[in-house]
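Chains as they are written, first to last, in the working numbering: chain A, 86 to 201; chain B, -6 to 103.
Rather than coming from a laboratory, the hints here were simulated on the basis of the structure.
The reader is advised that the hints may include incorrect statements.
Unchecked claim - Stretch by stretch, here's where chain A covers chain B in the computed footprint (C-beta under 8 Å, at least three residues):
| hint | segment |
| --- | --- |
| 1 | 37 to 45 |
| 2 | 76 to 88 |
| 3 | 91 to 101 |
Don't be surprised by glycine CBs; every beta carbon is placed ideally from N, CA and C.
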Amino acid sequence: EAGVAQSPRYKIIEKRQSVAFWCNPISGHATLYWYQQILGQGPKLLIQFQNNGVVDDSQLPKDRFSAERLKGVDSTLKIQPAKLEDSAVYLCASSFSGGRGANEQFFGPGTRLTVL
Amino acid sequence: GQNIDQPTEMTATEGAIVQINCTYQTSGFNGLFWYQQHAGEAPTFLSYNVLDGLEEKGRFSSFLSRSKGYSYLLLKELQMKDSASYLCAVRDPRADKLIFGTGTRLQVFP
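Just chain A, with the same shape it has in the complex:
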């Protein structure tokens, strides 16, 4: 079974530039998550989708971050414009459905963003 795919793996940009990340979840997984992980910290949820609807985006800085999952499969996360403090690893995860059993989240390899 293929895992969660993300691209690019690395990205270096200058502050005020724009950047986009792409995620393809595990086939059949209805729930998709985007996390931000700053060095030395645990992942912080930015946005959660159930199919193509947003379940939780309470910690997404909406003035500069946006995300979509138009067809309920792939998702893109965009930052426009980027700030120095956005330097982090952006992790995408997916899970089969909500609430029952372990229903663990499977993580992609992440995109390491450096903002100069």
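For chain A, the structure is supplied; the task is to place chain B on it using the hints.
Chain B alone, transformed into the frame defined by chain A:
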């Protein structure tokens, strides 16, 4: 509020046993997860507890006490490859989302 506490760093010797503690104070609870994360890699699922008690899976065991807001991950017969960060996460039932602690960086020495 949501608060999950873990020690920042731990060290241990190959072949030994180590216990990584996690305490949590969250507004909701629907299970506690432990993930392993090697440097530069994605977190991978280790264990899940939703009821009190011990869950054993090979060299790894995880314990939960809901009344105390406490969990631990026990690693036996430590190997060098166990050097990694261990993330404790609580699932919030309101949105089926995980709230992660900052992680415990474990270094295993020969």
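Each hint, compared with the structure:
1. 37 to 45: Our answer is that it holds, as 3 residues pass the Cβ test (under 8 Å) against chain A, meeting three.
2. 76 to 88: It holds, with 4 qualifying residues against the three required.
3. 91 to 101: Answer holds; 6 residues pass the 8 Å Cβ test.
The structure agrees with every numbered hint stated previously.
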